[in-house]
Amino acid sequence: MGLLGEQLKDKQRPDLEILQQQCDELNKAFTLAEIIWSESSQYLTKLSDTRKKVKQIENQQADIKKQYEVVGTLSKAASGRGNVRVSLERFVLGNILDQVLSIASERLHIMSKGQYRLIRQNEEYQKRNTTAGLDLAIDDAYTGKARPVATLSGGESFMASLALALGLSDVVQERSGGIQLGTLFIDEGFGSLDQDSLQLAINTLIDLQSTGRTIGIISHVSELKEQMAQRIEVTGSRSGSSIKMLA
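When you line the sequence shown up against the numbering used here, it's residues 1 to 247, in that order.
Treat the hints with caution; some may be incorrect.
[Said to hold, decoys possible] Computed cross-link-like contacts, PhoX-like style, restricted to lysine-lysine with a CA-CA straight-line distance of at most 20 Å: (1) Lys76 / Lys66; (2) Lys55 / Lys65; (3) Lys244 / Lys225; (4) Lys53 / Lys65; (5) Lys76 / Lys65; (6) Lys145 / Lys113; (7) Lys66 / Lys55.
[Stated by the list, open to error] Restraint-style ranges between C-beta atoms, simulated for each label pair: (8) Ser75 / Trp37: 52 to 60 Å; (9) Gln60 / Glu25: 51 to 59 Å; (10) Gly154 / Lys66: 53 to 61 Å; (11) Glu89 / Gly216: 28 to 36 Å; (12) Ser192 / Tyr142: 16 to 24 Å.
Hints listed in this document are in silico derivations from the structure and should not be mistaken for laboratory results. Here the structure is a predicted model, which is why all the values come from computation and not from measurement. Cβ coordinates follow ideal geometry from the N, Cα and C atoms, glycine included.
Use the sequences and the hints to build the structure in full.
If you want it as structure tokens, here you go:
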């Protein structure tokens, strides 16, 4: 027995069929693991690409956010969602309204015997109210305080409305480049005035007429009719209404 025989003594002959089967199974497992590794590698590549795209989007969003901080702030301010909570439209209209109130207050001050002037609501109230900015108030010289226009009596409200209408017509002519409001019609309201207030209102209209405007008044107040040099009287009867021109 040679050296090889001695080495193989007491050794069992391997079952080649079983070993081949195990080898085949291991080869299959290796092949499957290789496929999984390849797919995982491709998936990792996709994830890396996706991460890069996400990073790019994040950088773009950061730039857009910086732009929005400027544009968004302007948009909020223009739409009335900023700190002051008055829209750009209301701000512009408020500027025009201030001009109207400046002129109207002069006439109302005279008609109310120096008691009233028209103003806009205070700034603090506007900041709390999103619909504010064009709200009116009355500056009462007798009390030294401002109060809502809703607290005016009927006659006082008429005087304030008349003053606003006249102030608005003046501002329209100033801002409209050539437009002339040569004729104004006022319908009723004089009956709610006391004698002194009625006379002050009439004097205001007479002063306005002296500037070249034609003032038309629709009223049933006798005291007012007597002071109108030119008028049309309408008389009703069972057979209908008739008119008479007086000059």
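Here is how each hint holds up against the structure:
For the given pair, Lys76 sits about 15 Å from Lys66 by alpha-carbon distance, which is consistent with the 20 Å threshold. Between Lys55 and Lys65, the direct Cα distance comes to roughly 15 Å. Compliance with the 20 Å bound is thereby established for this hinted pair. For the proposed pair Lys244 and Lys225, the alpha carbon gap of about 13 Å is at most 20 Å, so the pair holds. Distance restraint check for Lys53 and Lys65: the Cα-Cα separation of roughly 18 Å lies within the 20 Å cut-off, and the hinted pair is therefore satisfied.
For a cut-off of 20 Å, the pair hint linking Lys76 to Lys65 stands: about 15 Å separates their Cα positions. A C-alpha spacing of about 17 Å is found between Lys145 and Lys113, which places the hinted pair at or below 20 Å, so the restraint holds. Between the alpha carbons of Lys66 and Lys55 the distance comes to roughly 17 Å, so the proposed pair stays at or under 20 Å and holds. Remark: the range hint 52 to 60 Å for Ser75 to Trp37 is upheld by a beta-carbon distance near 53 Å.
A hinted range of 51 to 59 Å holds for the C-beta pair Gln60 and Glu25, which are about 52 Å apart. In this structure, Gly154 and Lys66 meet the distance hint of 53 to 61 Å, their C-beta atoms being roughly 57 Å apart. Here the CB-CB span from Glu89 to Gly216 is close to 33 Å, well matched to the stated 28 to 36 Å. Our hint of 16 to 24 Å for Ser192 and Tyr142 holds, since their Cβ atoms are close to 20 Å apart.
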